[in-house]
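Engineer: Chain by chain, the residues:
There are 2 protein chains.
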Amino acid sequence: MTKQQLFEQIQKKQSFLCVGLDSDIEKIPEHLLDSDDPLYTFNKDIIDATASYCVAYKPNLAFYESTGVKGWLAFEKTVAYIRQRYPQHLIIADAKRGDIGNTSEMYARSFFNEMKVGAVTVAPYMGEDSVKPFLIYPDRWVILLALTSNKGSADFQMTTDEQGERLFEKVLRISREWASDEQLMYVVGATQGKLFEDVRKIVPDHFLLVPGVGAQGGSLEEVCRYGMNRQCGLLVNSSRGVIYASNDEDYAKAAGEEAHKLQLEMKEMLGKYLL
Amino acid sequence: MTKQQLFEQIQKKQSFLCVGLDSDIEKIPEHLLDSDDPLYTFNKDIIDATASYCVAYKPNLAFYESTGVKGWLAFEKTVAYIRQRYPQHLIIADAKRGDIGNTSEMYARSFFNEMKVGAVTVAPYMGEDSVKPFLIYPDRWVILLALTSNKGSADFQMTTDEQGERLFEKVLRISREWASDEQLMYVVGATQGKLFEDVRKIVPDHFLLVPGVGAQGGSLEEVCRYGMNRQCGLLVNSSRGVIYASNDEDYAKAAGEEAHKLQLEMKEMLGKYLL
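Read top to bottom, the protein sequences are chains A and B. Read in numbering that gives the first Met the number 0, the first sequence has 226 at position 227, and its numbers run on one by one without any break. Read in numbering that gives the first Met the number 0, the second sequence has 9 at position 10, and its numbers run on one by one without any break.
Keep in mind the hints are simulated off the structure, nothing from the lab. The model shown is predicted, which means the values in this text are computed figures rather than measured ones. Every residue gets a Cβ at the ideal spot worked out from N, C-alpha and C, and that includes glycine. Treat the hints with caution; some may be incorrect.
Claimed, not checked - Where chain B lies over chain A, by a calculated footprint (3+ residues, C-beta under 8 Å):
#: 1; stretch: 51-62
#: 2; stretch: 99-112
#: 3; stretch: 135-146
#: 4; stretch: 149-162
#: 5; stretch: 165-175
#: 6; stretch: 193-199
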């Protein structure tokens, strides 16, 4: 999916919502546990209920790995389902991988060739040769961690170097040379508020994947005020707030309603802040 | 496995070798491809041939994930095999995970409860709350990336802050407060040579997992000269150099010989540098 195609989907749906499929076997409605593949059944229903209100899905690998082989099967089936039924939706494998070159090559092969997702999140700590192997797939996206939504983001990402540059800024500045904004996005947490201005000084045109609205407390309005650009440039993720909107038999309907609510807010934001 | 138990194994075997199971379906001997589970068959043979010469195994998750569900099965079976046949060997899942708290919790559950490995590698970029969930398992190890073996380690890990501290030093200094040296190890690449001295100034007593000897060009002698402490404090990994020592039917025998060669070098190093 190209940047232009992504923007077209955003315009068409008046939404830049990414639904995070953090599907936890211990949190999905109990009556699903009787089904053959509870995580997949849950995902399928959530996807059908939310597809009209979002432009991307972000399955979080941790939640699938935690149940071993069964979880991987559920993940693969979920990806296949989205690709077949909703081919316009970007699928982001939230994996936060990153390793030495030959290993990152394997991860890239795994996500892009085997699982056929459209994007993967990657950690920058190990530098250029750990990220580059993900960038040889021309029509796929690498989403690099820059400034995350959690409290621990202050531990290292905010470290200021001798030139007065913070680590997340250095990550943005250096990595933007590795590929264009047609292949590279960045993770910037919604909880970072006004820091989106500093991010936009370095990467004005890139898409940002923004977790942290909802359960983590970030403000959608702030993200849009400081982060939106001419092609929207934002994919705002909500996971728990959408997929666990109800824990009962109406879970899919409730997720759909929650996604719709977010879509309406996003429509308003697009009207207000799209440059 | 406690630190003392690990040191006892090292003394007993006169080896601090970790064999990296970077088992690549495209690189294992061709005749194995006919077997039911080629990766597992390969691993089993390699493990049997090398177990007397090493104290740890480090399956690299990327290589298993790259073949999807089949690969996960091979990984799980490999871990089960080591646990059953060689319970004294530390099993390190080389996964380089790290995410916001609730997600790291899932990864920790996955590796420690589901797959029952003894250690997992974790990336520090997201800070304390991304690492802490791995530390609630009292008898398991977290191995945090500090100074990696690859060229890209210079991109961010060597960044010097306003106080003159490099990022890898800050990672060591801050993270050593999160848990004791009974639970935390660090990845320091063999290619970093004299920098082991600087690492040891901050974490004199911790075990270090050292990749990069062999295919990546690091020197065992240098690692030991600057990195060994009173309990050895080193797990030196070799992956490709051991497991692909031969690509023919004698691959297991060749791997065993290569591991033995390394063990003999390590014995010499222990004689020379053990404090």
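Engineer: Which hint numbers doesn't this structure obey?
Structural biologist: 3 and 6
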